[in-house]
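> Quick mapping for you: the protein sequence lines, in order, are chains A and B. With the first sequence counted from 1, adding 65 to any position gets you my numbering. With the second sequence counted from 1, adding 65 to any position gets you my numbering.
A hint or two may mislead.
[Unchecked claim] Covered stretches of chain A (chain B as the covering partner; in silico rule of three or more C-beta atoms under 8 Å from a C-beta of chain B):
#: 1; region: 79-89
#: 2; region: 132-144
#: 3; region: 177-190
#: 4; region: 211-223
#: 5; region: 233-246
#: 6; region: 391-402
#: 7; region: 438-447
[Claimed, not checked] If you anchor each label on the Cβ, the simulated ranges turn out as follows:
#: 8; chain 1: A; residue 1: Gly86; chain 2: B; residue 2: Glu167; range: 27 to 35 Å
#: 9; chain 1: A; residue 1: Glu345; chain 2: B; residue 2: Gly335; range: 34 to 42 Å
#: 10; chain 1: A; residue 1: Ala389; chain 2: B; residue 2: Asp337; range: 43 to 51 Å
#: 11; chain 1: B; residue 1: Ser400; chain 2: A; residue 2: Arg97; range: 52 to 60 Å
Just so you know, these hints were derived from the structure itself, not from any lab. Virtual Cβ for every residue (Gly too), placed ideally from N, Cα, C.
Protein chains: 2
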Amino acid sequence: MSGRKTITPTHRYRDNDKAVGVGNAFWDRSEREGVAGIVAELAGGVLRTADGHEFVNFTCCSYLDLDSHPDVIEGAVTALRRFGVLDHCIPRSRVQIPALLELEASLGELWSADVITAISAGVASAGLLPLIASGHLGDGTRPLMAFDKNCHVSMAGAKPACADETEVVTAPHHDIDWLEDQCRAYERVCYVVDGADSLGGYAPVKELAVLQDKYNLLVYYDDSHSVSAYGERGMGYIRANAPILDERTITVATLNKAFGTSGAAVLLNGYDKHAHRVIERFAGALCYSQPMNTAAVGASLASAEIHRSAELATLQGKLNANVALFDSLVDTEQSATSYPIRIVPMADDTVIDAGRRVYEAGFYVSPVFFPIVARGTAGLRVMLRAGQTEDQIRRLGAVLAEVGAARPQVA
Amino acid sequence: MSGRKTITPTHRYRDNDKAVGVGNAFWDRSEREGVAGIVAELAGGVLRTADGHEFVNFTCCSYLDLDSHPDVIEGAVTALRRFGVLDHCIPRSRVQIPALLELEASLGELWSADVITAISAGVASAGLLPLIASGHLGDGTRPLMAFDKNCHVSMAGAKPACADETEVVTAPHHDIDWLEDQCRAYERVCYVVDGADSLGGYAPVKELAVLQDKYNLLVYYDDSHSVSAYGERGMGYIRANAPILDERTITVATLNKAFGTSGAAVLLNGYDKHAHRVIERFAGALCYSQPMNTAAVGASLASAEIHRSAELATLQGKLNANVALFDSLVDTEQSATSYPIRIVPMADDTVIDAGRRVYEAGFYVSPVFFPIVARGTAGLRVMLRAGQTEDQIRRLGAVLAEVGAARPQVA
Numbered sequence: 066m067s068g069r070k071t072i073t074p075t076h077r078y079r080d081n082d083k084a085v086g087v088g089n090a091f092w093d094r095s096e097r098e099g100v101a102g103i104v105a106e107l108a109g110g111v112l113r114t115a116d117g118h119e120f121v122n123f124t125c126c127s128y129l130d131l132d133s134h135p136d137v138i139e140g141a142v143t144a145l146r147r148f149g150v151l152d153h154c155i156p157r158s159r160v161q162i163p164a165l166l167e168l169e170a171s172l173g174e175l176w177s178a179d180v181i182t183a184i185s186a187g188v189a190s191a192g193l194l195p196l197i198a199s200g201h202l203g204d205g206t207r208p209l210m211a212f213d214k215n216c217h218v219s220m221a222g223a224k225p226a227c228a229d230e231t232e233v234v235t236a237p238h239h240d241i242d243w244l245e246d247q248c249r250a251y252e253r254v255c256y257v258v259d260g261a262d263s264l265g266g267y268a269p270v271k272e273l274a275v276l277q278d279k280y281n282l283l284v285y286y287d288d289s290h291s292v293s294a295y296g297e298r299g300m301g302y303i304r305a306n307a308p309i310l311d312e313r314t315i316t317v318a319t320l321n322k323a324f325g326t327s328g329a330a331v332l333l334n335g336y337d338k339h340a341h342r343v344i345e346r347f348a349g350a351l352c353y354s355q356p357m358n359t360a361a362v363g364a365s366l367a368s369a370e371i372h373r374s375a376e377l378a379t380l381q382g383k384l385n386a387n388v389a390l391f392d393s394l395v396d397t398e399q400s401a402t403s404y405p406i407r408i409v410p411m412a413d414d415t416v417i418d419a420g421r422r423v424y425e426a427g428f429y430v431s432p433v434f435f436p437i438v439a440r441g442t443a444g445l446r447v448m449l450r451a452g453q454t455e456d457q458i459r460r461l462g463a464v465l466a467e468v469g470a471a472r473p474q475v476a
Numbered sequence: 066m067s068g069r070k071t072i073t074p075t076h077r078y079r080d081n082d083k084a085v086g087v088g089n090a091f092w093d094r095s096e097r098e099g100v101a102g103i104v105a106e107l108a109g110g111v112l113r114t115a116d117g118h119e120f121v122n123f124t125c126c127s128y129l130d131l132d133s134h135p136d137v138i139e140g141a142v143t144a145l146r147r148f149g150v151l152d153h154c155i156p157r158s159r160v161q162i163p164a165l166l167e168l169e170a171s172l173g174e175l176w177s178a179d180v181i182t183a184i185s186a187g188v189a190s191a192g193l194l195p196l197i198a199s200g201h202l203g204d205g206t207r208p209l210m211a212f213d214k215n216c217h218v219s220m221a222g223a224k225p226a227c228a229d230e231t232e233v234v235t236a237p238h239h240d241i242d243w244l245e246d247q248c249r250a251y252e253r254v255c256y257v258v259d260g261a262d263s264l265g266g267y268a269p270v271k272e273l274a275v276l277q278d279k280y281n282l283l284v285y286y287d288d289s290h291s292v293s294a295y296g297e298r299g300m301g302y303i304r305a306n307a308p309i310l311d312e313r314t315i316t317v318a319t320l321n322k323a324f325g326t327s328g329a330a331v332l333l334n335g336y337d338k339h340a341h342r343v344i345e346r347f348a349g350a351l352c353y354s355q356p357m358n359t360a361a362v363g364a365s366l367a368s369a370e371i372h373r374s375a376e377l378a379t380l381q382g383k384l385n386a387n388v389a390l391f392d393s394l395v396d397t398e399q400s401a402t403s404y405p406i407r408i409v410p411m412a413d414d415t416v417i418d419a420g421r422r423v424y425e426a427g428f429y430v431s432p433v434f435f436p437i438v439a440r441g442t443a444g445l446r447v448m449l450r451a452g453q454t455e456d457q458i459r460r461l462g463a464v465l466a467e468v469g470a471a472r473p474q475v476a
């Protein structure tokens with residue numbers, strides 16, 4: 066092999082050496098300790114492993130339990146029978162059965178947006194962000210693409226592709242002053258950020274709207290963690306709170322979390338037919354690859370109907386009550402926020418053992434620890450759902466206290 | 066706006082200006098002429114538009130018509146009822162219901178491979194190729210990533226991400242001598258290529274095996290267009306013909322074409338548990354994003370059973386008979402090949418009109434023309450399926466002759 070070229074990577078936007086090194090250490094330990102790599106059947110809201118261990122999932126993003134709603138499952142079945150195929154494979158720009166169009170019309174009416182479906186929010190972002198980078202989706206200007214340093218990897222993963230179409234930079238987290246400096250320096254800026262972070266917290270929509278108004282800033286939100294769980298008809302944090310919903314705001318959201326089905330939606334306002342055509346034709350896999358299958362479409366149509374009914378507010382109310390109950394039992398930095406994710410702080414050297422003891426007591430929570438997060442910030446990630454019972458939450462609270470969680474101070 | 070920075074793109078691996086410029090001209094004309102943007106309901110193998118026009122689809126990749134096979138649809142329904150969710154949203158590395166594992170075991174047995182599922186072949190490639198580029202999937206060496214110039218955009222789209230992990234180059238089409246030069250120059254090379262091209266033709270698997278043997282060349286195939294339609298148990302062209310099926314050959318294939326369902330499969334041999342863990346944890350959206358839904362899993366389990374039965378060979382036989390019948394009626398460069406795609410040559414200035422006349426006569430074929438292909442190479446793309454009747458194919462042949470297709474020379 067001597068004399069042959071070896072290669073030095075640029076690692077400008079990604080670095081697998083680092084990702085694999087850090088990640089493998091985390092996952093190997095998680096799996097060795099029995100808090101990852103679990104296989105279990107789901108029935109009646111409880112998971113059961115092959116050897117008979119039963120546990121309640123407190124790390125599931127189906128915040129309203131719509132994933133197991135009978136109407137959602139029957140909606141999938143109905144669509145399968147009606148269309149008679151999962152997909153009739155041909156690019157939808159040529160010929161399509163009406164399935165996706167019906168879903169896009171339904172979600173569009175539900176959330177007052179022009180909707181384009183995708184098989185995942187990641188596929189949507191991988192398709193849309195390079196089109197934004199090149200100015201073909203937007204006002205024709207190539208913007209500086211500023212990716213928030215905490216934005217989800219499904220968006221951050223598009224940096225190298227965007228960097229071939231424009232300039233790409235990593236933005237300090239939610240730093241409005243920094244962002245305004247970029248808006249002053251560049252003809253246009255696009256800020257890419259989570260609407261609701263997967264570790265808790267919302268985007269500063271009002272401060273961003275000031276920059277949108279003053280500098281024509283384009284903001285690209287992934288609101289996957291709040292759609293359905295938050296807001297009227299489950300429109301999500303961004304659509305409920307962002308003051309500007311026109312061509313300066315683009316939102317993508319998975320349908321795979323609180324919405325309870327499969328697939329994703331791109332939510333647009335203010336884009337004309339030409340822009341929609343550009344997305345349909347050139348937004349990466351939205352054009353050439355497989356669409357949401359008819360089962361996912363039928364389930365989503367059924368979930369949309371639930372979103373239109375009084376049941377949605379009831380489920381959101383149950384979720385909020387469960388979050389409040391949890392907050393009354395366990396102290397976290399996220400206490401009293403509307404967001405259904407909590408990180409229960411634990412010591413670096415006890416967090417995995419704590420996670421295993423909680424699992425053995427009948428509850429799955431995710432231990433997060435170095436090297437996935439900084440030393441000194443380890444914890445157990447807890448996600449509340451509407452369908453968890455008061456008894457389950459109280460028992461989890463008791464177990465968490467036993468393994469070292471802090472009780473709230475009584476006011 | 067004066068004084069603010071404008072940006073000049075690098076366009077090393079992609080160029081939306083060019084893609085959108087070329088593509089919009091093509092699609093605008095296709096839509097204006099009524100051979101794109103068609104919406105129709107499917108029933109009994111015939112598509113019907115809202116205004117009552119009926120046509121048979123001759124541009125559908127479901128080559129065996131398994132997409133509408135009753136067992137496939139009922140398989141989806143059964144899985145929905147059994148698992149009770151489309152997905153129970155949590156990374157599968159933490160907790161998973163057994164759905165994906167059962168499908169991976171079934172496909173693994175069917176095709177004698179270790180199988181990892183994905184929601185699309187594009188998502189699989191976007192996840193795997195950067196891991197290969199960084200040497201984490203392979204022998205630890207960062208290879209030169211040589212993308213065949215004709216390889217599908219779902220692979221070519223990964224160039225910018227790969228270029229941040231190693232060196233990336235575009236390879237002349239199926240040029241073994243060029244590839245051998247690279248193998249001599251670089252410590253390792255990975256060649257990325259379609260197993261079966263979407264415009265016809267197979268990868269030179271035997272010649273590539275010589276380089277695999279001599280230089281440890283890694284070959285990454287997307288065999289989406291031949292899986293199910295070709296080979297024993299529908300293993301596809303690559304698995305049926307590539308002499309080397311070990312860690313030097315990686316194959317991805319959609320389940321959305323001839324397989325008749327939804328999703329994709331990564332087919333591996335010779336990779337150890339550590340390598341599988343690396344894929345599960347770090348291959349992009351395979352790790353963090355939504356998996357194949359249970360409807361797709363159930364449909365795929367049913368399709369796999371059909372692949373194990375005598376019915377598969379019957380369907381392949383019907384497909385081949387339809388291809389042969391078409392070849393007896395219309396002369397194309399692809400005549401007498403086993404591949405079910407034909408390009409019927411047409412003049413640049415008549416191809417669209419020809420496509421419209423064929424559509425009006427009750428058959429959808431795709432016109433391809435400049436700027437999508439070079440001037441002088443326009444044509445109507447015809448895709449045969451097992452379920453098309455002799456009468457339909459004969460009538461299509463007659464219409465194609467009317468619009469200018471050449472009849473085969475009688476030998």
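> Broken hints, numbered, in rising order?
5, 6 and 7
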